[in-house]
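Once you have looked at the hints, place chains B, C, D and E on chain A.
Protein chains in written order, with the numbering used here: chain A, 168 to 490; chain B, 111 to 255; chain C, 940 to 1604; chain D, 6 to 346; chain E, 417 to 547.
Check the hints yourself; a few may be wrong.
When the alpha-carbon atoms are kept at most 25 angstroms apart in a straight line, the in silico DMTMM-like pairs for lysine to aspartate or glutamate are as follows [what the hints assert, rightly or not]:
1) C:K1510 / C:E1100
2) B:K254 / C:D993
3) C:K1276 / E:E492
4) C:K1138 / C:E1100
5) D:K74 / C:E1052
6) A:K231 / C:E1524
7) C:K1603 / D:D76
8) D:K35 / A:E364
9) D:K42 / D:D76
10) E:K469 / C:D1374
11) C:K1339 / C:E1524
12) C:K1603 / C:E970
13) E:K502 / C:E1524
14) E:K439 / C:E1282
15) A:K231 / C:E1534
16) A:K312 / A:D332
17) E:K469 / C:D1334
18) C:K1173 / C:E1155
19) C:K1467 / C:E1439
20) E:K483 / C:E1384
21) C:K1080 / C:E970
Hints were generated in silico from the structure; no laboratory data involved.
Chain by chain, the residues:
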Amino acid sequence: MQELMKKRAIELLADGTCDRVLGWEKGDFAYDQTPALFHTAEELRASFVYNGFSAANLSKYLVKECRAGGKIAVFLKPCDTYSFNQLLAEHRIKREMIYVIGVACDGKADVEKLKDAGIDGITDIREEGECYVVSTIYGDKTVKKAEALAERCLNCKSRKHMAYDELIGESGEVVPNSGRFDMVEQLEAMTPDERYEFWRGELSRCIRCNACRNVCPACTCEQCIFDNPKSGVAQKAAVNSFEENMFHIIRAFHVAGRCTDCGECSRVCPEHIPLHLLNRKFIKDVNSFYGEYQAGEDPAARPPLGRYEKNDIEPGEAGGNRA
Amino acid sequence: MQDVKEFRPKIVAFCCNWCSYAGADLAGSSRLSYPADVKIIRVPCSCRVNPLFILRAFQRGADGVIMAGCHPGDCHYTSGNYFARRRMTLLFSMLDYLGIERERTRVEWISAAEGAKFSKTMNEFAATIAALGENKRLEDLRCKN
Amino acid sequence: MQRIGVFICHCGTNIAATVDVKAVAEALGREPGVVFSTDYQYMCSESGQTLMRDAIREHKLTGVVVCSCSPRMHEATFRKAAEKEGLNPYMVEIANIREQVSWIHKDIAEATEKAIILGRAAIAKVHLNKPLTAGESPVTKRALVIGGGIAGIQTALDIAEAGFEVDIVEKEPTIGGKMAQIDKTFPTLDCAACILTPKMVDVAQNEKIRIFSYSEVESVKGFVGNFKVAIRKKARYVDEEKCTGCGICTEKCPQKKVPNAFNMGLDTRRAIYIPFAQAVPKVATIDANYCTMMKTGKCGICQKFCGVGAIDYTQKDQIVEREYGAIVAATGFNPMKPTQYDELGYATCEDVVTSLELERLMNAAGPTAGTLLRPSDKKHPHTVVFVQCVGSRCDAENEKGKPYCSKICCMYTAKHAMLIREKYPDTEVYVFYIDVRTPGKNFDEFYRRAVEQYGVHYIKGQVGKVVEENGTLKVQASDLLSGEQLHIDADLVVLATAVEPDKSARSIATMLTASMDTNDFFTEAHAKLRPVESPTAGIFLSGVCQGPKDIPETVSQASAAAAKVIGLLAKDKLTCNPCVAESDEMLCNGCSSCEKVCPYGAITYADKEFRGPNRTTLIRRVASVNAAVCQGCGACTVACPSGAMDLKGFSNRQIMAEVDAICKM
Amino acid sequence: MKRLSFARLNEFFAAIAASNALYLPVDNSKGKAEYKKWQEGTEMSRQLNTLRSAKDFFFPQTENLMEFKMDGKSVEVIDTRREAEDFVIFGVRACDAASFKILDSVYLVDPVDSYYKTRREHGVVVTLACARPAETCFCKVFGIDAADPAGDVTAWETDEGLMLRANTEKGEKLLSLTAALLEEGDERAVEAAQEKTREIIEKLPLSSLSTEGLGAGKTAELFDRPEWKALSEACLGCGTCTFVCPTCQCYDVRDFDTGNGIKRFRCWDSCMYSDFTLMAHGNSRNSQVERFRQRFMHKLVYYPDRSGGTFGCVGCGRCLSRCPISMNIVKVMKTLGGKNK
Amino acid sequence: MSHDKKQAVLDEILRASGVDVRKCMRCGKCTATCPAFDEMEYHPHQFVYMVEKGEIDKLAASPSIFKCLSCFACMERCPRQVEPAKLIEAVRLSVIRAKGANHLTPEQIPALLDEDLPQQAITSAFRKYSK
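So here's chain A without its partners, still in its complex pose:
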């Protein structure tokens, strides 16, 4: 797969389809890949990588890259194509500046899962069939891929590419019962006190590093209101529980109807706060109140907060422990 992609990228550079390729660059320990631009075949040969640890959603970089001029090729996993479509819908990127290569994905690994399982001193990870062979300074260990699967990939909503110019590997199907709302439902079933305790426990760990916001492909504001001293609500580090709540509620609301559920927010949170549960709540609510809608599925679709029905449910009917 990686070699196919590399070969294709080199061809695209050679035939002038694009002048740079956005992909993932090898790191020190196999799992620490960095999104990078490759301008030459040499660069690609030297450090391009694609494997079970190529987790980053590259679509957000296109906002910046579209302004840089010159056509860019980008590798997008199925979930990344949703973000791509959403960015297109919001005019944040220009389709004609981008050559999309859809790449198949059978779920990404989360190195934290390996570490939590007690594997430390990792120096390299190889894929062997359904397993990862992890080299450590304490010897080799073999782990089933399924056991290392990232949380977000356990509830993968779709293996289908929503947009591409060409595909490498096969595009799958939308997963009908992904179970991605199970946890939301569990929370809904709790009492308000339990929910409050749950979220206080989670959000109180927030260090306001803004990783969730800055990685989010829906958060592409020129300047975030929380960074804008003129907005009247700018904050830096959260001083108290209110500010922790405030930031996350407003951010979730801000991406309501726009979030593609790519899961990057939770992936990058250094404190492992399950931020996707906020976004999924909105997605679930939108689905149940206003009909099924997945941001990024169709760039021409009208977003749920940009339309209405005369008989929409009343705010008083929402919330509470619904059966």
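Structure of chains B, C, D and E alone, referenced to chain A:
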């Protein structure tokens, strides 16, 4: 024993200029009273109410926030309250999801002719908030001393 | 830092009796930025305004807060006064301490505290106010009148008289409305047709007036001065241009059994018809529900007989788009059909009729050619019972009726009773009333004539039951004054049913974004001071659509509405509301979220060049707002994810400052 | 050298907690270590290191500085400083212990930061030598010995129990509080443990990282290097690296308007943020590449310039595992440094 | 009766009936519709008026209250939702209660039943007397 102050809830009511604010005026000219704890902020339309304002009110010590607008279909701006309704539905659902008392937030559609409804709604809401007690889950203690 | 002046109005004792105005002035005077604070008996008075103007000048005020009545009342007054002193009018804010404080609270301490807090919120807002300048928008010099009854006719004629174009949209095939169905008018007893039809002819002949009959308003877009209205011209299957109104078709049509709506269904007409002889436009209309040709494709007799080839069975509804500067709602009323009152027997007894049906039964052009004959056996009735207030004056909880007094029934019933007694002196006439209400010039005299001169029996009490027995209507009623229960054998019972706004009014109000009350009457901008305007700018009210009225009142209101329309159309430019949305291009993402919620299409996008970091330039798509089109609802400001869109006069910071001030410990 | 039997660890903590607030790494609900106040039943984490660094104790994420109270038009300034309580941090690793020196060199030189100083004076640091360093560890590169950490007291987990050595007067005092629980310990057990640790350190992939070409005096050489662009390309501009970093010390001073007054507080800031260095005239670092460069130049060049060559990084490896896009100081050093290719 | 006591009786009747007598606009439709009109000394609209004036004694002493058939025609027809029948019921109850235990017990009823009595009348009687 510290002296326990009687709990006087703080309630912010966002009222659209065309219907609910006029409804409040009618309640006033009809001498239909409602608790002084309710303070009205005039906005052109319910669709002007940003979730930020609601959180801000709670931060600053409000115990309840109510938004009142024209009845669906009667919006002065045709569709503003329809959008407001969706926004508030989602916001309230999210607040509930975070375990913040659902009853602290409310939306009512009150026309310019419904002075009585305005008064009744505000009385009810104030009673609900008084029963709930002080807002603890979305408060910012910095604003309390 | 602003230099703010605060003015507390006593409003006589309206405010001062419940709010300690001195204490409020003193407390607000201590607020940061407040350099002058005082109280005064009537701020809206000439001397109150002078006080404010003097203070603006002497204290070099940059902002003003008036604590008084609702801003819906006097905001404009105070803003104008400030403007005269050179202060931007949008630097004035009102704290509503009358409707929201003194009128609803009794405890002085509590009311004073609340007044101070509302004052603080207004001060907090003024701190962030910025001078705003109103833009201008052009005015389309044409008015639309929706409804072609006497209200619409009068409004249209008056507007046309002033030299402006007017369109009338009437959903029926002819203009004329309810007045055309009425026989005589009170208190003069002159013939309705005699005074209405000349006006209808005037309308038809006036070059400035265009009638869209058999048409309905489909959609309304735009705003004051610049409405765009789509009118649906319903297919009447007759070419209006060709039809001469000769009426041959209406005589030859073989389908004779169509209930005649103009005669309240008391007789029949043909499937192709002209509602009545003086109809305007006098053009035939095919009732597709009954026309044999339309239903089966076989017949075509009218087409054969039409000398000018006006019949066109293939005609389709047509949508006409027109632009207007002002719109007048004159959608009128219908008398309630009292079928829900089983005890009154309307649904079961043919000889229980409504007052409008009686009009037709007494009209020379009606089904009985003006001779009063009862519907069942076409015999002359000898005992007639009138029942007042049917469906009017009910409790708000009562599902059968309306809570309001229909206003016209007392007078028209007196008229009916009088006319019957005059024409048929052998007839006994009973009127059961709750109260007889006759305010109006020569009205009570008229009613007394019915009693004194014509011997009509007025009985205080209500009819409890009407049952038909062998062609006689057994009326059971109470006479509250004597305490007796009466049993009257009547030949005809006439119900004075409640006036109901026309069913179409609700959807029209929605299109016009005009507000309505719970009874579906249009709400006026101010019950006393702006009775013919809707709160929505550019929308005016004429006739019963605003509330029950008799003909003289309808006509005067119609002319008043016309005067307001003329005043508007006489302007070349309108100053726009400056409280409109504005996009901060530095923050705008160009995501189009705002555009999707804008009801006016006021937002457009363009790629613009910006300075990037370190002397680079970059091109970004950004939104801009057309200030002349924007109406300032603020939907976009919340839809905007980046906070780039804000509303002038109601900015995020201003509203949050109010929130802060109100919630302050 | 004192010895504490592992069985009596709980008693040891209880003895300290009797007169001090005792903080130690505890696993949170996500199985990650964070410092928590000890109370009966608190179990110490077995993780190598805490998710956030120990700098929070002396330089908390947010801190009130003073208040202004407003009544009408009058303003009153209120000092909100409170006498700090004595506290003990147990289980600090060598890297974090070394970071305190770096923070001290910033905050305890003139003008002394009195808020920081007070906390520092009231805090006792008990370090714990590393037994099983991770692949992301590279403290050795900066001359830090994970087997022999600094601190008021140093502790080793050995086969014979927990070995404790007081390094300072504060440390002596702390151990004297728990004297009843301690026995004399054998240096050799410590040495054995140290040897094991050092063996592992030698095998760590990053131990051979070179600082050549970096450090004091390299500003001119490194500032305009073209590689900065590619290195920073993927940087999201979030503050994760700075907030988990034990040596990042930048803060912002902000005012919070409560309606009745102002609370002036400081909170961590990050040079990665777009509004860092925002001034009245605008911003002097307008692009992410400049901000990115600043952070690493500070750690690798500017700080050494001012501190006699000491690097502003202690090699704890937190940024390596936490960066959302896995860009980190090691990659920067490898790209810009001399001998790392 | 003292004024206070009178007021207390009145309040109790208003409370028990749930009727707002002030809503009455004196149209007399209740009376016009009443099938028991001829049997009554005071008619439904007078009931309402008398309660409003506080003339409970007069009303309580009148046999009219037991002539009411509880057919509810007046309630059905009243355009102002005054519900005179509920008022009559409340007055009747207050009279019955004042009599203490001096009324029928369930055991006595079977002996008094008339076979020809319509079921509706029995039910109506229970409603009237058995409280």
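Status of each hint after checking the structure:
1. C:K1510 / C:E1100: 17 angstroms, holds
2. B:K254 / C:D993: 40 angstroms, violated
3. C:K1276 / E:E492: Holds - the C-alpha atoms of E492 (chain E) and K1276 (chain C) are around 19 angstroms apart, at most 25 angstroms.
4. C:K1138 / C:E1100: It holds: about 13 angstroms lies between the C-alpha atoms, which stays within 25 angstroms.
5. D:K74 / C:E1052: 21 angstroms, holds
6. A:K231 / C:E1524: 18 angstroms, holds
7. C:K1603 / D:D76: Holds, at roughly 12 angstroms.
8. D:K35 / A:E364: Given that 25 angstroms is the threshold and the Cα spacing comes to 15 angstroms, the pair holds.
9. D:K42 / D:D76: 39 angstroms, violated
10. E:K469 / C:D1374: Given that 25 angstroms is the threshold and the Cα spacing comes to 21 angstroms, the pair holds.
11. C:K1339 / C:E1524: Measuring from Cα to Cα gives roughly 57 angstroms; hence the hint is violated.
12. C:K1603 / C:E970: Given that 25 angstroms is the threshold and the Cα spacing comes to 13 angstroms, the pair holds.
13. E:K502 / C:E1524: 69 angstroms, violated
14. E:K439 / C:E1282: OK: K439 (chain E) and E1282 (chain C) at ~22 angstroms, within 25 angstroms.
15. A:K231 / C:E1534: Distance of about 24 angstroms is within 25 angstroms: holds.
16. A:K312 / A:D332: It is violated: about 30 angstroms lies between the C-alpha atoms, which goes past 25 angstroms.
17. E:K469 / C:D1334: The given pair, whose Cα atoms are some 21 angstroms apart, holds under the 25 angstroms limit.
18. C:K1173 / C:E1155: Judged against 25 angstroms, a Cα distance of about 8 angstroms means the pair holds.
19. C:K1467 / C:E1439: 22 angstroms, holds
20. E:K483 / C:E1384: Roughly 44 angstroms separates the two Cα atoms, so the pair is violated.
21. C:K1080 / C:E970: Violated - the C-alpha atoms of E970 (chain C) and K1080 (chain C) are around 49 angstroms apart, more than 25 angstroms.
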